[in-house]
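Given next are the chains, with one letter for each unit.
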Amino acid sequence: MMSLLKKLTLVSLFSLSIFAVQAKAVTGDRIRYLPVQDAGRVKPFDTFAKETLEVIYGKKTYKPDENAKPIEAHWVVMTMMLSPESWGNRPLFEVKFHDVLDKLGLSKEKKYFTGEELFRNEKFANLMQELSNKRETKEKLTPYFQALQRLENQFYMFREIAAGRILHVFPSKETDQWVSVAELPVEIQPAFMDISKGVAQYLGAMTEKGSVEEAGKKLDDAVLHFQDLAKTASPEKYVFTEKVKTEVLYNDVHPFRWAYIFYLMAALSFLFIWIRKLEKGMAVGWAFVACGFLVHTLGFAFRVYLAERPPVSNMYETVIWVSWGAVLFSIILELNYRFRLFILGGSLVGLFALIVADSAPAILDPSIQPLEAVLRSNYWLIVHVMTITISYAAFMLAFGLGDLGLLYYVLGEDKHRETVQKLTTGVYRAMQIGVAFLTPGIILGGIWADYSWGRFWGWDPKETWALIVLLGYIVVLHARLVGWLKNFGMLASGVITFSLVIMAWYGVNFVLGAGLHSYGFGAGGIEYVSVFVLLHVVFVLYAYFVQKSQPSKS
Amino acid sequence: MKFENKAFQKFWKISTSFQLGIPVLAAIAILIASGTIIEAKYNDAYAARRLIYESWMMYLTMGLLVYNLTIVMVDRLPWQPKHYPFIFVHIGIIMLVGGGYVTQKWGVDGSVAVNINGKNNYVLMPQTDLVIYATFDGDRYTKMFEQEVDFFKNPPTPEKPFVVKLGETTLNVIDYVPYARLNKKVVVANSPQAGSSIKFQLMNANVKQVETITQTRKDKRAEFNFGPAQVHLGAVERKDESKNEIYLTPKDNDQLTYTIFHKNNPKPFKTGLIKIGDVVATGWMGLELRLLDYLPQATEEWDVVRTEGLTPLTSSAIQVQRGQDKHWIVLNDLLKIFADTEAYLMTYQNRRLDLGFPIELKNFKVSKYQGTMKAMAYESEVVIGKDPAAIKGVISMNEPMKYNNYTIYQASFQEDEVTREPVASIFSVNYDPGRWIKYLGSLIMSLGIVWLFYQKRKRKTAV
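Same order as they appear, the protein sequences are chains E and C.
With numbering that gives the first Met the number 0, letter number 353 in the first sequence gets 352, and the count goes up by one each step, no holes.
With numbering that gives the first Met the number 0, letter number 162 in the second sequence gets 161, and the count goes up by one each step, no holes.
Everything labelled a hint here was simulated from the structure, so no lab data went into it.
There could be a bad hint or two in this list.
DSS-like, lysine-lysine: derived pairs with alpha carbons at most 25 Å apart [said to hold, decoys possible]:
(1) C:LYS217 - E:LYS236
(2) E:LYS139 - C:LYS364
(3) C:LYS12 - E:LYS139
(4) E:LYS242 - C:LYS373
(5) C:LYS367 - E:LYS242
(6) E:LYS137 - C:LYS12
(7) E:LYS172 - C:LYS367
(8) C:LYS184 - E:LYS236
(9) C:LYS184 - E:LYS133
(10) E:LYS137 - C:LYS40
(11) C:LYS373 - E:LYS133
(12) C:LYS12 - E:LYS62
(13) C:LYS40 - E:LYS172
(14) C:LYS367 - E:LYS137
(15) C:LYS367 - E:LYS236
(16) C:LYS12 - E:LYS172
(17) C:LYS373 - E:LYS137
(18) E:LYS485 - C:LYS12
Each pair of labels, with its calculated beta carbon distance range [unchecked claim]:
(19) C:GLU287 - E:GLU371: 45 to 55 Å
(20) E:SER529 - C:ASN189: 10 to 20 Å
(21) E:ILE331 - C:VAL393: 43 to 53 Å
(22) C:ASN182 - E:ILE354: 46 to 56 Å
(23) C:ASP253 - E:GLN176: 54 to 64 Å
(24) E:ARG164 - C:LYS385: 37 to 47 Å
(25) C:ALA25 - E:ARG158: 52 to 62 Å
(26) C:GLU414 - E:ARG158: 51 to 61 Å
All C-beta atoms in this analysis are idealised placements derived from N, C-alpha and C, irrespective of residue type, glycine included.
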């Protein structure tokens, strides 16, 4: 036990050192910490710039061409405001939807377009008219109209940033709404001008190899001076320095990326140990898992601190939470059974889920948003949402282990009978854990619904699909109990039944898009998810036929 | 359990086995999954409820589930301690299903809209009724017909209409549109009791406004309020001298006269005959009145366009035929049909349930996230009930209030289309006699599940 504790301490020190390395200040960096009011909360300019660039360009940094060094979002957004005309001819706007490109008469080969190409186009006005007509019917927007909506958003964001109207930097005494750069009081304007000049000089110094250090210092001073003025003007509304600092740190560290890197290392070392049939070396893998899990947890803690609520209110946040749960369950199962397989499955599932979360910001929105009115109850969010989604984690683990097991069937069951049996045990246990969380989760959901909507059960699609998931796994567990499902059937069920979870979790919000749980609705990614599900169905069928063709000795 | 009769033994075995249980669970899963797809297709929870969740298929599968769960328990008689957790789970599920049935059968789940500083004691229920009144003198109405109708499930068609016989007259409901986009239009009416309709334009350098005014029946004045001025269609009857007014009065069935008053002046400024296309200067703000159309006998009708599904702009509508005339009635609106000597008033409406006590809205507040239009919370300050027993309180999201077995929840609100200020609060009002059964069932089932987990499995095969 002591040795485990020691290891864990070492691990935590190691992962904390990542944060320390990342957190060191650079001159010219102060601008990133400038508090900005946007989308219902105060955030650092760094976050604002990254989110804005993501809307416009689809990424958090801008690459002028293939080989160029990426430019950070805060410089991109600053220059958009200081000299919008210099961006007119740069391919800055990401448009991917083919029908939209067709209607604009633009090439489908390219992904990025200049403002000139898109908005100086007569057809752009027609498309915007089309969108506004559709909106007037108040019907649901199809993917095509969602793509138009994004185009409108890109246009609007660029225009408003260029005009300085969207960047709210100065608290107002009278209203909740902060004052934007364009409306700054006359006596404050020079202070912001200093920032602008500082940015120009700093960027100039970077390209012309001038005195970067000096220009950076000047810019930092200008930003600090502006912040002092804001603080003096409304001291009670300008108190969040720590939080803003933490948020920039969170942006820099990108904890979930570190987490999946660790999970990857863990999975690789487990695979190595296992292919080589090594007796020792598990500790290395464990150390990587522990690092990954710790960073994963820290990232989660960051979001709790920044958002002041349990971070389980949109698809991105639940993917983070569910993968965390899957790793946790795999650790628990592994510690109980010591089969060396569960922890491998867990790290693979964690790795996969975190990569998905990290790679599709347009679909899985990682920005921290204020809560919908009906969700403003931390108590119920924790009790209902977190129990339901943690059950998905167990099912996800069952899915990963099922996949692994089927792989053994493909490799030849005869040689791996013992492993298959162990994996089946894992699938069964994981399903039990899932059912044990899902059932109370659904009931608690009913109680919350009764409490806040006035009915215990209303056949809302989200609750209905949660019930379908439960029924699915109950059928599987009972079928196993009476001997209908053998090992292969169990592993295949682990994979196939997870499709129900995908439907309840992703499908209801992104495909059906109906019902009272509309606060979680989103769009996009259907093609990837369908291919994912389909591939697994094909894989299960393939494994089935391989298994059939092998004469079983049992 | 064992039975002598072989056929019954076989039947019993199937009833207690998973050969029944698993298909039933699978059928329920498929049924309710299709319900969610229907809801998404029409964007309408009501459609899914009527077509799936309250259908005979649902009752059948749920009945089979309860049957299976019960028989399996009976089969294990006499029970031993090892059976207890499984019996708990099964009884819990049966109670949940039973409680749900009680709620659906005897519960109330409706909505009440209350204007700020207004009162309401009627709950709008999902059931619909067709009600017809008749009048011979235009003032007194007699209820001739009232019946619950379910056109959603049994839509009438021209071939199979819903027939209402009222003495000599027959009214046929010949069409039902669940999701209709609506526009008002004015059509020529043949009845001498029908009112008139005008279409006119008021214009000066800054304003160009086209409006239509239609009388609901002959000689019943109708008006349009144009801010500083009022336009009336009907006999001249000056009441409010503080306003500029125009009266357009039908005369001898096909002519129209105009009378213009200036404010604070009892005498008309100008009067005369006006024909379609004529322009008359009103003498205020350089405004001119141009008559665009005049129909001596006209009614307003709905123009109905079918749509794929529910949107905030759609409503359901039925089409009624009397002789050769066809008319649309929109849900919760009324239609007037003129016969030779009598007139009918027809409504197609959601049933209204009298709560027996009023809900009074004193104030309504929406708080927003800083610097945005995104709502953070809604709060309704209400007084519920009649005076000695009235209670005051605040209803907000996640914080309902109880009164006389009813629970009143914050559901939504209405805002003014122009100012975006809230004008009314919408509550959902609910009475649920099955609530305690469901809660008790949940508790028993949860206990059973926890127990099952602690129970040592004898059969290792599962793991």
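Comparing the hints with the structure gives:
1. C:LYS217 - E:LYS236: Given that 25 Å is the threshold and the Cα spacing comes to 64 Å, the pair is violated.
2. E:LYS139 - C:LYS364: violated, 28 Å
3. C:LYS12 - E:LYS139: Status violated; Cα separation ~50 Å.
4. E:LYS242 - C:LYS373: holds, 22 Å
5. C:LYS367 - E:LYS242: holds, 22 Å
6. E:LYS137 - C:LYS12: Violated, at about 55 Å.
7. E:LYS172 - C:LYS367: holds, 17 Å
8. C:LYS184 - E:LYS236: violated, 55 Å
9. C:LYS184 - E:LYS133: It holds: about 23 Å lies between the C-alpha atoms, which stays within 25 Å.
10. E:LYS137 - C:LYS40: Given that 25 Å is the threshold and the Cα spacing comes to 15 Å, the pair holds.
11. C:LYS373 - E:LYS133: Holds: LYS373 of chain C and LYS133 of chain E sit about 22 Å apart, inside 25 Å.
12. C:LYS12 - E:LYS62: violated, 70 Å
13. C:LYS40 - E:LYS172: violated, 48 Å
14. C:LYS367 - E:LYS137: Holds. LYS367 of chain C to LYS137 of chain E sits at ~23 Å (cutoff 25 Å).
15. C:LYS367 - E:LYS236: It holds: about 17 Å lies between the C-alpha atoms, which stays within 25 Å.
16. C:LYS12 - E:LYS172: This hinted pair is violated, its Cα atoms lying about 78 Å apart.
17. C:LYS373 - E:LYS137: Roughly 19 Å between the alpha carbons, so the hint for LYS373 of chain C and LYS137 of chain E holds.
18. E:LYS485 - C:LYS12: holds, 23 Å
19. C:GLU287 - E:GLU371: 45 to 55 Å: Given about 51 Å between the Cβ atoms, the range holds.
20. E:SER529 - C:ASN189: 10 to 20 Å: With Cβ atoms ~58 Å apart, the hint is violated.
21. E:ILE331 - C:VAL393: 43 to 53 Å: holds, 45 Å
22. C:ASN182 - E:ILE354: 46 to 56 Å: holds, 52 Å
23. C:ASP253 - E:GLN176: 54 to 64 Å: holds, 59 Å
24. E:ARG164 - C:LYS385: 37 to 47 Å: violated, 53 Å
25. C:ALA25 - E:ARG158: 52 to 62 Å: This hint holds: roughly 54 Å between Cβ atoms.
26. C:GLU414 - E:ARG158: 51 to 61 Å: Once the Cβ atoms are compared, 28 Å apart, the range 51 to 61 Å for ARG158 of chain E and GLU414 of chain C is violated.
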